[in-house]
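Engineer: Listed here are the chains, written in short residue letters.
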Amino acid sequence: MIATGSGPDAGMAMVAEIDVPDDWEQSPMAGPVAFMARPRHHDGQVRPTVTVTCALEGSRPSLDHYAEVQLAGTYATFGGYLLFLELTCEPQRRLDLALAIEQMGTDLTIVQRHLLHPDGWAVVATGTVSDADWPAAAPRVLAAVRSLRVVRS
Amino acid sequence: MTSAVVVDAGIGRLVLTRRQLGALADLASGRTASPELIAGLEAGHALVDGAVHPLLRPVLRTLASIQGRGALRQWRAGVQPVAEILVGAGGVVVLPAGPDQDEPQELRWHPRPTAVARMVAELLDLPADDGLPPFDDTPRPWAELVEAATQTGGAVGLADLRWADHFGDVLTSVLVMAWRSGGGMAEVQPAEVTTGGAERSGTTVRCLRRHPLEVWTVLTTLAARLT
Chain A
9 MIATGSGPDA GMAMVAEIDV PDDWEQSPMA GPVAFMARPR HHDGQVRPTV
59 TVTCALEGSR PSLDHYAEVQ LAGTYATFGG YLLFLELTCE PQRRLDLALA
109 IEQMGTDLTI VQRHLLHPDG WAVVATGTVS DADWPAAAPR VLAAVRSLRV
159 VRS
Chain B
950 MTSAVVVDAG IGRLVLTRRQ LGALADLASG RTASPELIAG LEAGHALVDG
1000 AVHPLLRPVL RTLASIQGRG ALRQWRAGVQ PVAEILVGAG GVVVLPAGPD
1050 QDEPQELRWH PRPTAVARMV AELLDLPADD GLPPFDDTPR PWAELVEAAT
1100 QTGGAVGLAD LRWADHFGDV LTSVLVMAWR SGGGMAEVQP AEVTTGGAER
1150 SGTTVRCLRR HPLEVWTVLT TLAARLT
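Chains as they are written, first to last, in the working numbering: chain A, 9 to 161; chain B, 950 to 1176.
Possibly wrong hints are sitting among the right ones.
What the hints assert, rightly or not - Selected chain B positions facing chain A (Cβ under 7 Å, derived; list incomplete): (1) 988; (2) 1064; (3) 1067; (4) 1161; (5) 1165; (6) 1169; (7) 1170.
Think of the hints as simulated: they come from the structure by calculation, not from any bench.
Since this is a predicted model, take the numbers as computed values, not measurements.
The C-beta atom is built at its ideal place from N, Cα and C for all residues, glycine as well.
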């Protein structure tokens, strides 16, 4: 199943999509979230979720600068412990990261893929999974996050 | 050696020895402790008017309800004490300074048992970058890894995480890791059939490259194993 959506301004935003398992559902989202997908049913306390957001990076920063700003913002918002970080320019500018954080009394694993579009847009897929569910949920959530692609901009 | 107790509510810093913690646990459960220990605990404000300082109560609650237990040994230049990780219904307590009863322990306490994966990850302080590990998968003596990790100024890390799902169980290796400080890690496994884990002296081991998230997955199973 493909989950798809666009950013807050349909006239400008890129349209992005991800591959999700067939037993997931896509929820419409208001605001800056392009779309959200998650399993229809989940036995744990926190339903694994993948959200996709679009952001305008008008200054067209370098990948290093973009990563620096993103990490600073993430730490300022969530704190947490950096588990994984990868920056690459092939086949397109991309930042992957994973964090272990705690929020609302729950220990969470956050995985993200940021794709930087040449015209200055960034699109971000964020997977959120409780640590307790991570061993079982990781393959599907990682696959969904890593399938992020822009289909129209 | 006896040390001064530190109970600093302002920054949440707790420093006690294992002997002092044991005395506090005895007092909290209605038993007695030696006058010398009590005097030291009172001087450091761990005991206030005969009551355990509020900052220490959740630590004692955790220690009174231990379910799982871990020991993290790291090989580095110089002495590197084994850190003990204790997980109970009251949360997670880390005693980082080894088994000596009189060694000051910079206590870490977290209120949720499920935080154990993150706490162990922070203790390990593994690199976040993927890459080539310091050793390929060719069988080699364990001593070669220890030698690389204990070189002064070296860039190789080596750690053994042992775990027991129940307090009285024997600790067994759940993860032996070797890594470059700049990124690239491997799980160390016995290259021959042995008992007792990869770190036995004289054992031949094999280093299998692992992605940082594969290691994280192993750590997140620790809390799940407690249930």
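Engineer: Return the numbers of the hints above that this structure violates; sort them in rising order.
Structural biologist: Hint check: 1 fails alone, others pass.
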